[in-house]
Structure formats: C-alpha cells, structure tokens
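Make one complex out of these two single chains by using the hints.
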Amino acid sequence: MTRSVNFGMRKAALAIAVVMFVAACGGSEEAVTEQAPAPSAPQATGPEAGAAQTLEELAMNPSPERNQILYEAAIANGGEILLYVTQPPAEIEAQIAGFNALYPDISVEYYRGGSTGSLINRVLTESAAGRLRADVTQTNDHVAFVLDGQGLFLEFVSSEDQAYDPALRVARTVYPAYVNYWMFAYNTDRVDPSELPRTYADLLEPEWTGRFSVAAYSDWFFGMHDILGDSADEFFEQFATQAPLIAPQFTPALLPVIQGERDLTISTVSGVLRGQQSQGAPLEGYFPEDETVARTVPITVLRGGGNPEGGLLFAEYVLSVEGQQLLAERGRVPGHRGVDPDPIELRPERARLIDYSAFVPEEAEWEARMARGLGR
Amino acid sequence: MQLQAPPGEPSGSAPSASAVTRSRSWVDPKTFAVVIISAILVFLVAPPLWFLLRETFFPSGSFDLSGFQRAFSTYNAAALVWNTAAFALLSTTISVGLGTFLAWYTERSDLPFKQLVFAASLVPLVVPALLYAIAWILLMSPRTGLVAGPLNSMLGSEVFTIYSLTGMSLVQGLDNAPLAFLLMVAAFRSMDPSLEESASVNGAGPWSIFWKVTFPLARPGLIASLLVVGVRSIEAFEIPALIGAEARRDVFTSRIWQVMNAFPTDFQQAGAYSTVLLVISAIIVYSQAKFLSGSNRFATVTGKGFRPGALRVTGPSRRFLASIAQLYVLVAFVLPVGILVYASTQPFYSPPSRQAMSRVTLQPFVEIFSSSQTVRALTNSLILAVSSATVIMALCAVAAWIIVRMGQRGGWLLDNLTFIPFVFPGIVLGVALLFFYVRVPLPIFGTLWVLLIAYVTKFIPYGMRYAVTAMVKINRELEQAGEVSGASWTKVFLRVTLPLLAPGLIAGWIYIAIVSLRELSSSILLYSPGSEVAAILIFEKWTNGQIAELSAFGVTIIAISLVLVVAGRLLGARSGSLSR
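The listed protein sequences correspond, in order, to chains A and P. Be aware that the first sequence starts at 14, since it is given in our numbering, and climbs by one per residue. Be aware that the second sequence starts at 194, since it is given in our numbering, and climbs by one per residue.
So that you can see chain P by itself, here it is in the shape it has in the complex (with noise of 0.2 Å):
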C-alpha cells in the first residue's frame, strides 16, 4: 500500500549544499528513523507471517494445498463466505454511518447534548467486545431478553432475537462505531469551514452543505473508516464467538477457533481460513490506497490560519436530529451498561423483577476485589495498554511522516510492512507468535513482555491509520517554513509536525490503551498463569458462567476506560489549544 506524493509536486524541496551533504550521511536522522523502524516492523512482522504461510503452503516441507481442500469440503464453505460477507458488509454499514452522523453531530453542528453524545459514541469503545456481547444476550435473548422478551410475548412469537445474523451484526456494528466515530471526528476537525461557511453565505442549506462541501472533503476519513471498520469486522472474533455459535452463523473467525480448539488442530486448515481472509483484508486496503494517492487535494489545514466551526441546524431537522442522537444514547450506551450494572448486583443472574431486586447485593464486586487473580488481571492489562499504546503512538508518529512525506524513497517498506498485521485475524496472531516465542531463546513467553509484542503487533496498523491520517491533512508548506529558516529535520518534526499531529496521536493513543484493555483473540493463546489480562478473566467467568462476577469486573474495566477516555479528551483538548 503506497500513499504517493501529490501529482505536480516536487517529492522533495530543492536541497542546499549543506542538506545534501547531510543526506548522504548514515546519522541523518531519516535514514536512521527508516532503518530502525523497519528493523523493528520486520521483526514484529515477518515471523507471524513466515509461520502462517509455512504451516498453510508447506506444512511438511513440500508444497501442498490439502488445507484449503478440508477446510472447504469438510464445512458448508457457501455458507461460511456468505455469513462473513453479509456480516462484515452490515455491520460496517452500521458503524460507519453511525460514527460519520456522531462526528458531523458533535463537530460540524451546532445540535444540542453534544457532550453527551460524544461520550456516548466512546461507551462502546470501552466496553470490552466480549462484554458487549454478553450485554446484548442479556437484552435482547427471545424469552428472557430484557428488551427482546416482553416484546416477544406481546406478539407471541420471536420476532427479536439476537442469535441471529442482523443481531451479530447489529451489535458488531455498534461496538466498531467508536472507531469510525473517532476517525471520522479527526477528519471533520482538521478541515477548515470556510468552504461550508462560503456555501452557507450563498444560501445553501445544511443538507445540501453536508452532502456537497463536507461529505466530499470528509472522503478521505470516510474511506479510512470503511477500510478500518470493514477489517475489523472481518477479522471480529467475540461476537461471532458467542452470538454468531448460537445462531448457527459462522465466520471465518470463529471457524478458526474451533479447528484451533479441537485436537488434534488442523494448522493448515486454519492457515487456509486465515490466508482467505488475508486476501480479502489486501484487495480492501489496496483499493483504498489507490483512492488515497492524491490526498493532497484533500488537505485543508495550511500554513493560514482556521477555526473549525458549528454549523447552525434549525427547525424540524434540529429535533429530529437531537431525537436520533438521544436514541443512540440509549441503545449504545444505557441499555448494555445498565443491563451489566444490575447484572453485577446479582448472586445469580435472571431477568429483573421484585423477586430479583429482592436479591440486590454488592458480593459479586466483594469476590472480585478479593481475588488476587482479578488484582493481578487488571494491573496486567493497564500496564500492557499504556505500554502498548505509547511505543505505537511513538513509532508510527515518525513512520507516518516517512510515509506521507518520502512516498517511494523510504515509506514504501514501512508503509508495506505495517500493513501486515492489519489482516492478521487476532487469533491467527496469537498462534503465530505462540510457535515462534517458544522456540526462540528469549525468556519471554508466559510473561507479559510477549503480550506486549503481541499486541503492538496486532495495534500497529491502527495506530498507522490514525497517524497518515492526520499527516494527509497537513500540508507541506509549514514544514518548510522550518526548514527554509534552517531547523533540522528533527527540530522541524519535533517542533512543527509532532504538534499539528497530536490531535491524531493522542486519538491514536486513546484508541489503542482502550483496545489493549479489551483484547481477547490473540491474549487467549499466549496468556499463562501470572499473566492473564482483562478479557481473559471475563472470557472464563462467562464459560463458568459467573455472570454476576464478570459483570462486576467488567463495570470496573468500563469505569477505568472512561477515565481514560476523559484524561485524553482533556490532554487533546489542551494539545489543541497549544498548537494554534
């Protein structure tokens, strides 16, 4: 994938005596920036790879395609396409209009409770997938379903059930918002108003500046959304895991797991599932790199002067609008929370009633607190998601000027390698780097440090798509503004290109300790006892069925990422102010 410099522009600025002699050097910072980040990139990435493709193409040495021959004759592989085709397409479809509407709604427009909405578009964000999903079982099962149950009575058939594919989807859709939400607000930030100011000035009206001025600058976001969420449903695991079984609605993740489960494990067969969704996952990202290769059309935040604006909505679109925003909240934020809430003030859980209000009680928080193992599980997940955030964010801050700014001479190997791991099925993941860190000398598997690797592998590409993309938007001209009054490189990036970026990194930043805290598919495979996280603890709690405790845990995992999410909103907001 190449983000190419834009047509009719110098790949470089004519460079002085001094700056070619400097270029020529082995210690000239970019040279050594792209050696050291490939060397890592490389590192993290190659062995999964190797792995993969050794276990599905040469499993005992010679080439053999037996593994796609079982894996698409033994199972209804139609079905298997299908299933995954229709998910990731509806719920993608779910995601990405709900976050592009949330961002418009709380960045674009002058619409009332956008704080609210804001911190409601993130709840889904952090709540851990698994978590969600059990809430949404609890909401929405035929019989018992707090919401889909009485519904169903009244019409005496089960018309609402979540154990099918539009309730998969639905909820998938629903907990990848956030993502499209918090790219889709980056995109609508960085870009300047005064081209929907100008459109308003001439009488247009907000629909008409929506879908003529701002929908088409916003494309860039837009089409990174779609690329990001698409993935991310193809590649989904908790959903399909619990949802998808019941329903009889498999995907390629979820039939992974069970031929990784079973023994003996047909590696090659889950490498042939994996490959598929390799290929799938590349046709995606490539299609979007060739839309991407002319972004500079696309940047709107120069060397002038801007100040994002609201634009003013009025009359019935205002309610209406104020109305859907409002249900939101309800449906991804109340609801599932509030299902876990009372759910953790239970001894056992069943549908609320008297009798079941009768039995309110905070025990389910006392075991948690008192068990070393939940002390341990949350320490080690903090510890892993701010580590895990923080060398991501560092590392892709200066892969993503190489990228955007070098193209062909330096960003090609880096753009190509942190492209990888973006269609790595977590779980595919989690195997790969479980045969290589136990065959390596290095003391590191069963401790946190291979989580660590495991999970800047996995987030990287994330953390790449929030760093080009707040890179696309800036033009070159402040850049060389630096360099033409003769700051170095490192200056001009560390004093110029680090600030108008932080908005992204710091968005990049929340996203990737948020996603670490609930990360599931790739921790399940290299966890041993001393370093189990988060997610592991809720995943088991539910096969043991302890509902009440995972609920407990999974308030105080919530309660813990919102603080996050605060913390960085604030640091964002400050960063902001400090960059103008």
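So that you can see chain A by itself, here it is in the shape it has in the complex (with noise of 0.2 Å):
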C-alpha cells in the first residue's frame, strides 16, 4: 500500500511538472529582434480635439501652438514621461531640471542603459513584447541608427530645423542633442604639455608605453579605419603592444588618468571631460593633429511609449536654444548652429563623421576584430 501511495505521489508530482512546464513555456514566442509591430496612430488630445491632428501630423508641422498641444496632450496622457538615454546622470538631471523649469507638472524620469549594446537590446526586446515604456531616447548614433532601422522612431519636425546640419542627421527621425569629437586628456599632475604625444602614431613610441587608456567602442575602431586607410591595420598591430587599459566606456577610461595609474586617455569627449574637471580633477584635453573621430548624440521621440506628446515636447526643448546652451554650459559641442560650444576650440578643425550605414551591417566583425586589434 505505501508503494503504491508513493507511487502515486510521483505521478502526481510529475503530473504538476510537465502541465507547469508546458503552461510555462508554451505559446509564440517570438525572436527577440523581431520588428515591432506598427503602433496605432494615437489622437493629439487637448483644446483643438475638435479638430484634431494626429500625433504624425503634429510631430511634423511646428506652429507656434504645438508646444501647448504637446504639454496639454502630455498632462492628459498621465503627465510622465521616461528617457532612455546612456549620459552621465548630472548631465541628464541639468537636462531634465531645465524642462521642468518649463514644464514642471510634467515628471520625467530616466533609465541608464550601461552600454548602447545593452540599451538597443532593451528597447527591442520591450518592443517585440508589446511593452515598449520609453518615451524618448538620448543615446548616440550607434543606438539611434539600429531603432530607426526598426521603425520605432517617431518623425518630426523641429521648430529650430533650419538651425541643425542635414549632414549630422544619421536618420530623418533624429536631431543631434550634440556632437562627440574624440579626444586625448591627460594628467596635469603627472605629464608636462611638452612631452604630449601629438598624433596616433606618436602613441606607439616606447615612451608611451603601458601609460595611456582607449575606450573599447567598436564604432570607433572602424571610425579609426576610416581616417587610417591601409595603415589601421598596421598601426592597431603595433596599438597593442603598447598595452593599454582598455576600458568599456568613456568614463572609466577617463578614470585611471585621474587617479594617476595612467597619464593619458585618448577616448574621452568634452562634455565627460568636463564633468569631472568640474569636481576639481588634474586634466587637460586637446585634439590630436590627426582627423579625429566624431559621432552625435542625438534626440528621438518613440512610437510605442507611453507619452509620445511628452516625449516630443521634451525633445523640442533639448532642440531649443535655451537646451542647447545648457549643454554648452556642460561642455557639449550643440548640435544647434546658432549655439556655440564653450569655448569655442571644442569643435576641432578636422573631425570625420562614423558611416553607421556603413558599420552596422557589419558591427559583429568589427566587434571581433577590435577585439584582436586591442590585444584582448
């Protein structure tokens, strides 16, 4: 009887674990990348829903009253909005705290994504799910191309069009917040100005050798390719002997130039470099004499989030005059014409733009050839 009892029990057991397993992990399931499907179009809400235009009609005409639509559609739609972005959280908060200044019934909230890989993923997987919950990215070309790609992307019309670059605009759905020029930085404390090393090639001589930091984007390993020609591949044979400290992002190649384990970094932008000059960090940056490497961060508003009025609204105030002098302010290069960098001399001479359309189809490659190239 006990057998039998027992055996039962296993049965039973058993019996729960596959109906679980099935109920678990059955249904369609789809692959992550696939495309999200096409949101339907929401309606403007606010004092002309008499008449109403489309969110796609108002994104693209920028009347003196879209603003106000925008703020009271946002204000109806819940009055959040949520950022997915990759900058440092003082710069984002500067960001936020300015279009709260503006707006401040409007609670905007934000998400770091710890690397653009991660942050392309986030969105694509909550997109495929049907529970895309951003509003608005701010991240860089890299991500803004690949989401484009995939048709999440609300396009629109500036009020300040005419004063952005056509040439900046990695897609027609994005405006450039700001621009990214590489540059070098280095130890005021530990290096004098005169023993600088001036080019890339400056970089291989012994002296540097085991005392700089590069920033492992695999974009700007084929931005480098694209500036280098033939001689890249040389020249990153000889780059890795060197042994650099080779770190995932900006600011922790910034990091150990700060604390004195190495004397230069040459992966650093002026608004990170800022950030932590700010706080009273030994550092200087320069551009080497080199064409150097450059991409934009842009703006995009998301088609699937939860707000897309607010997320418009709040990229329209990035795109204002007033945002882009806060970036200025912060040490960003503004995508803006009409706003200049401060000073001036952040906006180098020679500076070549990454061809995302170029690098994307072929990212894996360049992500396992950077791979070889910085000696990992």
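Be a bit skeptical, because a hint or two may be false.
To give an idea of the chain P side of the interface with chain A (calculated C-beta under 7 Å), a few residues [stated by the list, open to error]:
(1) Ser-334
(2) Arg-336
(3) Gly-396
(4) Trp-400
(5) Ala-455
(6) Thr-458
(7) Phe-541
(8) Thr-736
(9) Asn-737
Computed Cβ-Cβ distance ranges for the label pairs, DEER-style [to be verified]:
(10) Ala-110/A with Val-352/P: 37 to 43 Å
(11) Thr-212/A with Ala-752/P: 38 to 44 Å
(12) Ser-255/P with Val-334/A: 40 to 46 Å
(13) Glu-378/A with Arg-547/P: 47 to 53 Å
(14) Ala-110/A with Ser-259/P: 48 to 54 Å
(15) Val-334/A with Glu-560/P: 28 to 34 Å
(16) Arg-185/A with Leu-246/P: 39 to 45 Å
(17) Glu-302/A with Ser-516/P: 57 to 63 Å
(18) Pro-636/P with Arg-350/A: 43 to 49 Å
(19) Thr-212/A with Thr-572/P: 48 to 54 Å
It should be emphasised that the hints constitute simulated quantities derived from the structure, not laboratory data. Keep in mind the model is a prediction, meaning the values are calculated, not measured. We put the beta carbon where it would ideally sit given N, CA and C, even for glycine.
Here it is as structure tokens:
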C-alpha cells in the first residue's frame, strides 16, 4: 500500500511538473529581434480635439501652438515621461531640471543604459513584447541608427529644424542634441604638455608604453580604420603592444588618468571631461593633429511609448536654444548651429563622422576585429 | 542530485494503520508539501532553462550547434577555459581554506578575539562584490594603490598588482570566504565534541585532534563548502568584469556579458558559454551528491544531549594562530572598508595624501541622501532582501525535510529542481527571465516582483544547502520519538525538527538577505526606472566615475548589512539556547 501511494505521489508530482512546464513555456514566442508591430496612431488631445491632428501630423507641423498642444496632451496622458539615455546622470538631471522649469507638471524619469548594446537590446526586447516604456532616447548615433531601422521612432520636424545640419542627422527621425569628438586628455600633475603625443602615431613610441587608456567602442574602431585607411591594421598591431588600459566606456577610460594609474586617455569627449574637471580632477584635454572620429548624440521620440506627446515636448526643449545652451555650459558641442560650444575650440578643425550605414551591417565583424586589434 | 536514505536503515518507519490511512489521502501534509513546492519550483526553474536551451540549440526551430562554433572560434577559447579553471580553483582554495580555519577558530578553539574574528569573517559578505572589487582596485592598483603603489615604488617595478589572475583570484577568494565560513560554522556547531574530548583525554595534541577527528567529521560541510564556493567562483561576475577585464583575463561570465552587451546580441553564443558552465557545475554537484549519499554516518546530533566545546590551544601555536587571524581581520576588513570610508569623504578620489586630507568633506553623503534615486534603490533592496530570504528559507525548510527523509519517494524531484538554478550564471538567468516575463500576460515586468522572482530562483539552491546541511546532521530518532508519541507530521516538523533546523535556517536567511542586497548580475537586466536596486546604483556610479558617491552609498549599505548580521546572530543565539 505504501508503495502504491508513493508511486501515486510521484506520478502526481510528475504531472504537475509537466503541466507547469508546458504552461510556462508554451504559446507563440517571437524572436527577440523581430520588428515591433506598428502601433496605432494615437490622437492628439487638448483644446484642439475637435479638429484633432494625429500625432504624426502634429509632429510634422512645427506651429507656434504646438508646444502648448503637446503639453496639454502630455498631462492628459498621465504627466510622466520616460527617457532612455547613456549620458552621465548629472547631465541628464540638469536637462530634466531645465525642462521642469518650463513644464513643472510633467514628471521625467530616466533609465541609463550600461552600454550601447544593452540599451538597444532593452528597447528591442520591450518593443517585441509590446511593452515599450520609453518615450525618448538620447544616446548616440549607433543606437539611433539601429532603432530607426526597426521603425521605432516618430518622425518629427523640430521648430529649430533650420538650425540643424542635415549631414549630422543619421536618419530623418533624429536630430543631433550634441556632437562627440574623440579627444585626448591627460593628468596635469603627471605629464608636462611638452611631452604629450600629438598624433596617433606618437602613441606607438616606446615612452608611451603602458601609459594610456582607450575606450573599446567598436564604432570608434571602425571610424579609425576609415581615417587611417590601409595603414590601420599595421597601426593597431603596434597599438596592442603598447599595453593600453582597455575600458568599456569614456568615463572608465578617464578614471585611471584622474587617479594617476595612467597618464593619458585617447578616448574622451568634452562633456565627460568637463564633468570631471568641475569636480577638481587634474585634467586637460586636446585634439590630436590627425583627423578625429566623431559621432552625434541624437534625440529621438519613440512611437510606442506611454507618452509620445510628452516625449516630443521634451525633444523640442532639448533642441531649443535654451536646451542647447544648457548643453554648451556642460562642455558639450551643441548640434544647433546658432549655439557655440564653450570654449569654441571644442569643435575641432578636422573630424570625420562615423558612417553607420557601413558599420552596422558588419558590426559583429568589427567587434571581433577590435578584440584582436586591442590585444584582447 | 540525490541524498539517499542511510544504508541499512528502513526508508520509513513501519506505519500504523491510521498512518497508512492518512498517507493515502491527498491532504496528507507531506504529499501536499511535495506537490505545492514542486509546482513553485517548476514555475521558477523550467522557463529559464527552456529559454536557455532553446536559444542555444534550436534558435530557429531546428537543431543548430553554430553557437558553439562561434563561441570557441571567434575568441581565444583555450585562454577562456584556462582563465576560468585557474580562477575558480585558486579562489575556491583560498575561500574554503580561510573559511574553514576561521570557523574552527571561532567555534572549536579557545583562541582570543573570537568575536572580532567572527565579525571580520562576515565583512566581505556584507560588502557588495562590486564594491569589494573597487576597494581592492584602490588598494592594489600598481601605481596608485594605497598598498601596491608604495611597495612597487620601493621595488622599482610593478610586482604587486590587482590586475592579474592571482589578484582577481585573491579578491574573489576573500569575497567568497564568508560563505565557506558560515557553512563550516554550521557544521562545527552541530558536531558533538565528545569525540574530540576523548582524543584529548587520550593524549592527542590539537593538530592531531583537528586532522584525525574534527576534519573527518567536518567533511560533509567541507564538501558542501567546496561545492557552493566552487560554483560561485565559476559564475562570479563582478570581480572578473572589473578586475579581470583590465587584466585581460576573461572568464566565461565576463565573456557572456561582453556578448550580451554587444549588438546584435548573439544569444546562441551566450547560450553556448552558459551551457558549458552548466555542464561543469553539474559535474561538481553530482560528485558532491555521490559523496553525501552516506550522510547518516556523520550524524552527531542525536537524541542524547550535547554541549559544543572549545579545544584548548596553548604555546607557540596559540600565538601563531592568533596572529593569522589578526592579519585576516586587517586584510579582509580594515583595509577594504577603510579605503571606502576614506573615498567617501573626498570630492573626487585620489590616493591618500596630506593634500587629499585637506579636502575631507561629507558632501558625497549629502549628495547621496538628497537623491530620491538613492532612497528608492535602498528601499527596493531592503524589500527584496527580506522578502526573498523569508520565502526561500520557508520553502527550503520543508523541501530539505522531504529530500533528506523521503529520498526517492518524493525528494528526488525537489532535489533536482532546486539544483538547476544553482548552475545558472546570474547574468544568463537575468536574460532568460527577461525573455519569459516580457511575454507572459503577467503585469510584473518592470516591477519589483520580477526581481523577487529572479532572486528566489537564483538563491534557492543556497538556501537548500544550508537547510540540507543542517537536516543531514539531525538523526531520525528525535522525530521518531514524536511520531511514536502520537504527534502528526506537521506537529513533529514544527515542534521538533524546525527548532533543530533553526541555526541552519537563520544562517541561510542571513546569507540570502545579504547576498540579495549585493546582487547585480541578474538585476542589471531586469530592473527598470523605479525598481533599481543598490548594486545597480553602485555600478552606474562606477561607470560614471563617481567614486566618492558610490563609496558613500557603499558604506551605508555595509552598515545596513552589518545590522542584519548582528540581528541574525542574536536571533541564532537565542534560538540555539531555546532548542536545548
């Protein structure tokens, strides 16, 4: 009797396990990268509701009343906006504060992606599941190009459209909030300016072995190959032998320089540098004499988010003269042609934008080449 | 993994007629417990495993091994395997060696400063691994490290550096030592000292007693420690990600992170690496299970009374061992916590100097506590720590009884189900859970609930180790005494078994609460604005170079964790005295 009861218990446990397994894992499951279903066009609300424009129409018509319509619609949608960004928190919080000074009734939250890849993956995953939460992205061209290819962005015309160079727009759905130009930075307590490397080739000199850091961005690596041309492979072969400290992003590449563990980084941008300088870090930056790699940090509005009107309103703020001046004060190079960086020398004479239409289709290969090229 | 009933002992006591009637019923508490716990474990375990295997072997519906081909051809596979094996072996050896020594020091000897050593032994546990890695980077960076910098200056070359396989193994070893320590403490506390006393009476010295009596009796706990720490080392993420990356010593977990962070993400390749880790972990766990199958021969907690005693250590051994313990306190506690406290008082980090001391400020703490994000992260972490620990130990208490007492008759399923998450790298578990919970029609994605599910899934094997290790030590005669007296299974479990299990359960609760506070590898993929946790905040501040703020936040987390440990210790002491 005991054996039959125990066998029954075992069968019961097995049955439960099978039922739970099938229930948990059944159902249709799309691949992660499957394109998100096109959302239905949300209607703009507010006082113009009687002759309501769709969001797409509103987005393409930068009328003087648009911001007010967007503001009212954003409040009606719940008064909350979610940003997906990759900037330092202090910077995005300053932007939010500036936005809230104009629109105090709108609450702005942000999610900071740990890396370009993780942010792209998060947006695609949420979109594929129909649970996209973000309203705005402000990351970099790489993210923007990929997500635009998935049809996730709302195309809009900024009221400052004429102030933005079309050449800086990696897609029609994005506007460059600011431009990142790769630059060098050194520890002023440890290095005399007279001994600084002025070109990339100078980094290969024996006196710079083990003294500098680099951020391992595969799009930067692609951009360097674009600039160096046929000599790129040879350059990076020797570069790897210089034992650079390899960091995942700009700030981790800069930290060892601040601490004195390295004397120089070749991977920083003006905004990151200014942020550390403002805290007293002994740093100075400069551009190499070679052409330098550049990419923009565009702002975009996501079509499937919870509050696209609010997202568009935030984007308009960032792209406005006031929003651009805030970025300039923080050491960024504004995308707006009417707002200069501070100091103006932050915009180098020679720079080359990364061509993402060539890079993205071969990204995996460039990742592998970079791993070899940096000696990993 | 199965824990067999002891050989020669019946698998169950001969039931009375009324007991047979009760066991046929579906409301029999043991049956009910098996069914419910099995259902919960299947729900927690099956979907992640399903998604992992599907993405690895059937990414487009048909069997496909190309992920393995890419994993081991596009990257230096030999170096990856070597780094992982060497890192795991070295760090495990350090952890278990240290943990065993410290547990013996505090539980079985009369050596001085036991309270201090006990507290210091737990410090790495209460410090998030990410923070511990950062502290050691600040201490042992070859040029500017507080310890390594001056040493290397004197030597004229960078002999001492954290950025090496040895360096990362040492940090991981120190980080995992508390885990081994807690397991060995439980083992030593449950050990009847009469055997050691008999050896002492017959003239054996302390070293002889340790090697010939104590160590063999402690073997189940030691094997459990090697298992847990070994798997923990293989799946470690934070220290390889921070220190190993700079040392160019990638291990499987850091390689998975690189693949997961890249776009387009090669999930199949990540799954291939994960599958290899799963196989390795399975081999380790199976080996341990085979050893523990004859567990009753190690039972020393019987129906007879016992008092844990302390071995007298005298002479040069006493001074030597006390010095070792004090050195450990310095290395594991004073230096890393000290450097974090220092860093938390600086506007930006620079090595300690007269100039740096003139910049001392509490501004980082002001920044931290005036941030709503910080308060929210702290609150979320505390909620998750308490809730996950409670849920896990409640489940494990019952599950451990079923596994140890019922063996093949119901425990086999639970034992295997609780084993599966054990071999999941936290980062892979995060990915799998992310895929699952964005698809199911449950409104929990982006909330604390999905993190709670992740924590329970991830840490339940650890809870089981504590519960099973404690359960194995309890001889059946105490429970049989209750059954013979007419008590139901439920009453025997609550009134006899649970109090005896209490020290192990409390130790498990403490451990799970504390590791929940420091969890990063799964959380980093599952959190959303509003559900960020402490480790996420620390990670973000590290990537942003906010060392002062992250140190201030980290010091706060450490203080909270220490309170948990102290409270748990007081509870454990109280429950231990009540159970006598």
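Structure-based check of all given hints:
For Ser-334/P, the shortest C-beta to C-beta distance to chain A is roughly 5 Å, which falls under 7 Å, so the interface hint holds. About 5 Å separates the beta-carbon of Arg-336/P from the nearest beta-carbon of chain A, less than 7 Å, and the hint is met. Interface hint status for Gly-396/P: violated, as the beta-carbon distance to the closest one in chain A is roughly 51 Å, over 7 Å. Interface hint status for Trp-400/P: violated, as the beta-carbon distance to the closest one in chain A is roughly 44 Å, over 7 Å.
Contact between Ala-455/P and chain A, as hinted, is supported at the beta carbon level, the nearest pair being about 5 Å apart and thus within 7 Å. With its C-beta approaching chain A no nearer than about 5 Å, Thr-458/P sits inside the 7 Å limit, and its interface hint holds. Satisfaction of the interface hint for Phe-541/P is found here, the shortest Cβ-Cβ separation to chain A being roughly 5 Å, below the 7 Å cut-off. A cut of 7 Å between beta carbons decides the hint on Thr-736/P: the least distance to chain A is about 6 Å, and the hint holds.
Evaluation of the Asn-737/P hint against chain A yields a held restraint, the C-beta minimum of about 5 Å falling below 7 Å. At about 49 Å, the beta-carbon gap between Ala-110/A and Val-352/P misses the expected band of 37 to 43 Å. A hinted range of 38 to 44 Å is violated for the C-beta pair Thr-212/A and Ala-752/P, which are about 50 Å apart. At about 57 Å, the CB distance of Ser-255/P to Val-334/A disagrees with the hint of 40 to 46 Å.
Between Glu-378/A and Arg-547/P the beta carbons are some 52 Å apart, a value that agrees with the proposed interval 47 to 53 Å. Separated by about 49 Å at the C-beta atoms, Ala-110/A and Ser-259/P satisfy the suggested range of 48 to 54 Å. A beta carbon spacing of about 30 Å between Val-334/A and Glu-560/P agrees with the range 28 to 34 Å that was offered as a hint. Taking the beta carbon of each, Arg-185/A and Leu-246/P are about 41 Å apart, inside 39 to 45 Å as hinted.
Distance hint for Glu-302/A and Ser-516/P: a CB-CB separation of about 59 Å, consistent with the stated range 57 to 63 Å. A hinted range of 43 to 49 Å for the beta carbons of Pro-636/P and Arg-350/A is consistent with their spacing of about 46 Å. At about 52 Å, the beta-carbon gap between Thr-212/A and Thr-572/P stays in the expected band of 48 to 54 Å.
Violated hints for the displayed structure, listed by number in ascending order: 3, 4, 10, 11 and 12.
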